[in-house]
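**Student:** Okay, here's what each chain looks like letter by letter:
Number of protein chains: 2
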Amino acid sequence: MKLRARHLDMESGGKYIAVINDEDAAGLGVSPLERVIARNGRRHVTCIINTSSKFVRKGEIFLYSETAEALDTRKGCILEVEPREELVSKAYIRKKIDGRELSEEESRKIIYDVMERKLNDLEIAALITAFHIRGMTLEESYYFSKTMIETSKKLHFPGTVVDKHSVGGVPGDKTSMVLVPAVASMGLTMPKTSSRSITSPAGTSDRMEVLAPVEHSADSIRRIVKKCNACLVWGGAMDLAPADDLLIRVEHPLALDPFLLPSVMSKKKVAGSKYVAIDIPRGPETKIKTNEEAERLAKDFISLGKRLGISVDCAITRGDQPIGHAIGPALEAREALETLMGRGPEDLVNKVASIGGLLLQMVRKGNHRTIMETLECGGAEKKMRQIIKAQGGNADIMPEDIPYARYKREVKSDKSGIVGSISNKSLVSISNSAGTPKDKLSGIFLHKKIGDSVRKGEALFTIYSEKKEKSRKAFSKARLQETYGILSHGGSKMLIESVR
Amino acid sequence: MKLRARHLDMESGGKYIAVINDEDAAGLGVSPLERVIARNGRRHVTCIINTSSKFVRKGEIFLYSETAEALDTRKGCILEVEPREELVSKAYIRKKIDGRELSEEESRKIIYDVMERKLNDLEIAALITAFHIRGMTLEESYYFSKTMIETSKKLHFPGTVVDKHSVGGVPGDKTSMVLVPAVASMGLTMPKTSSRSITSPAGTSDRMEVLAPVEHSADSIRRIVKKCNACLVWGGAMDLAPADDLLIRVEHPLALDPFLLPSVMSKKKVAGSKYVAIDIPRGPETKIKTNEEAERLAKDFISLGKRLGISVDCAITRGDQPIGHAIGPALEAREALETLMGRGPEDLVNKVASIGGLLLQMVRKGNHRTIMETLECGGAEKKMRQIIKAQGGNADIMPEDIPYARYKREVKSDKSGIVGSISNKSLVSISNSAGTPKDKLSGIFLHKKIGDSVRKGEALFTIYSEKKEKSRKAFSKARLQETYGILSHGGSKMLIESVR
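Sequence order for the protein chains is S and H.
Residue 274 in this note's numbering is what sits at position 274 of the first sequence, and the numbering runs on without skipping anything.
Residue 227 in this note's numbering is what sits at position 227 of the second sequence, and the numbering runs on without skipping anything.
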């Protein structure tokens, strides 16, 4: 069916949507929500149909901005529209639902159909749920990685390219902010791209953005890395492994991530990384709860790395409390800067040295002591100021130049004793009530950590908030929740075990 | 945030969608595709946000027709819009994903959040996939049924209300078209509501519509049943167990139906059924492939029925070939009418008598022989003509009044022998290429069934099509597919086993 394209100045958030007249929909035999394939010359997209009886006339097709862009339509041009045929990849998803392993060709087809927007979000949600429940075999991880790599552009940086990745789940984890300049100061190339937070108080990009702009084009990132042999930028503009981003868009709302292994490793591969350290925080409230789980995951990362030609070492680290004292973009940026200046909290320094040390050992350029030295002698700080400058920030920034949020409330202990446990989940929820990740200055500063003595009435933590109403809300949440358990002794040694 | 409502004459296919200006979206902290709650006085809906930079101005909210209707807005009225809070039912879905059984309260909450459109399609797809993989316990089936019943309106019909349901999957199964008038002619009340086909060549509503209108209001259905103590109508207008319809909307595209038990039984309960016969066709290409599976399902239906106060008997029936000879709305209506006039195919008559007999036995009003008698003596036919008249059709219609499609092509056997197998899937696919379920006169007529002798060059089946192009397409599909296996003897006895 031929329909005249018209533009609708509306955005759907990445979905391809088109609106056609009721009668044309009946003619095509599609109902609202079903898919059609729309063609403009050699371009085509699978798009969702919405219908209209008056607003859109017979013979017309109104395109959402994303659809118009993908089809490169001009107003009035004629589109060829036809119902979507049954997809073979739906049968492959069903195969996985039924508990059978997918072949290379089947995994490939699924990724291509995701990329071409042929599989809809329902089908992708079923795929993700099935992989979460059935598990992904190492073979499947490899097949998915391969396809994600072949459908991505590749980056080429000079020198020995290394990288690190955290499986995540611990608030206040500003390790990358310190580790990247420390490792880069030893001459390794570390082009670190990271994400913004969606549900946690801060992502590495949110923290770095307090010190320097993080949104750069691929060309600009190349220049920064050439100058500093490192960067700390937002990865979104790079469009690496685009298939993965399309899966993540559905994984996030479901809070499932069965594609973790191919997702992480394909992104490292296309960025040219040869050596990668994976941080697996383990704790009662992180994604990985037991050492057995952590070791299994570590072995999977190492095996997949081997098949993709990447050397991987994993660090299983303590994730039972926040790293350092600060939670929230600005508070964490300040703490990271202090750590680079030689006065960081013991656990953060230990974590940076442990993971950085793994990377140095892999390329035989030192170990965790080398990292400690570059932090103490100012090498890492110098490198960070070089990166800040190259990314367009103020290279001379001092920790005290970073402002605090206007509203400040202390949460006090109602008994004396030793801090036995801290609830990460509860702190994340309080911090987000206070405004993170959106309000950069908001967050939490911990005065007490596991193993510290505390007296009744002494402050456990301070909540910072840019807005009065949010400050009030976060504080009342803090008083309702059991955030601290006052009990017994812990320690500050971060590394539980290295698996290689 | 207060926004002025404007109407967008567009339909999304049942989703609540609203379009707001980019800046307002940023102010609310939501991105396109995320949810907000929009309130108009005491009415509120959770709706999906799309954004626009120019088309929708700051301070405005454009509503899709479904959203405008649900909120009962008038142009220019002011809506209160706020971001959606985290849903506790998401945690319950996660619990099921992780393999744990849901409690009554958790199952309840999920259904309510589905009904209030708080759970989005991704979340519902994850729920459905998880229940398909993990299985639904009888307790969970009961909890879901209970909630589906309590959120539905109830129907009250006079007399002893009985019903039947087929788990489906066999083409040409016009059993209900014959069984309903046969059972009703014995004085039982049988208000049969059914669906239209989505992917099969015909649903009961599609078949019945050839003889009489099937779309009736609840009031009109009540009048029809009062007059005839039976009906054969489309269930869509009744809005029974609306929660179930919302789940089915996601189950269909995924081709999964883990909610089968609560879905079927809650609909029977709200229609006031006291005795229900469940037909479980078993065959290599039906949903249920082994006798063990079929017996397990039968026992689940019986147990769930007991808890809901419904007597259930199940019939496991042969589903290895189409029922009777005709496939497609008009061809099947003709065959059903012939059967009611005492000249039906043996297997169809046997199936009607077996299942109808179960119902009569349950209420001690006879058995399968009673059904055979009412078919032979014209009691069932008389009742059918009464129903056709009450629903607004021509009570005097004869089989030969139902026209054949214009284009007709015979598919011939390329060898001699005995028909050993027939592929239901292949016939469905050929029939749908010929135009079913949309083109009512299209379909297939089988000249040979399992156990029949066939000579080389003799016609196996005839393809009917309303359109020349579709006729050609169906015929070439038929020649490519292995539809008939010419091998050994079978029989026409339909009932494999009764489970009660």
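Note that these hints are calculated values from the structure, not bench results.
Honestly, I wouldn't trust all of these hints.
Chain copies aren't distinguished; within one or between two, either way the pair holds.
[As the list claims (entries may be wrong)] Straight line, CA to CA, 25 angstroms or less: simulated DSS-like cross-link-like pairs of lysine-lysine:
#1 LYS382 to LYS438
#2 LYS109 to LYS456
#3 LYS95 to LYS287
#4 LYS95 to LYS425
Remember, predicted model here, so these are calculated numbers, not experimental data.
**Student:** Against each hint, give a clear statement of whether it holds in the structure.
**Tutor:** Hint check:
no. : hint             : result
1   : LYS382 to LYS438 : neither (29 angstroms within a copy, 72 angstroms between copies)
2   : LYS109 to LYS456 : neither (61 angstroms within a copy, 41 angstroms between copies)
3   : LYS95 to LYS287  : between (27 angstroms within a copy, 15 angstroms between copies)
4   : LYS95 to LYS425  : between (36 angstroms within a copy, 18 angstroms between copies)
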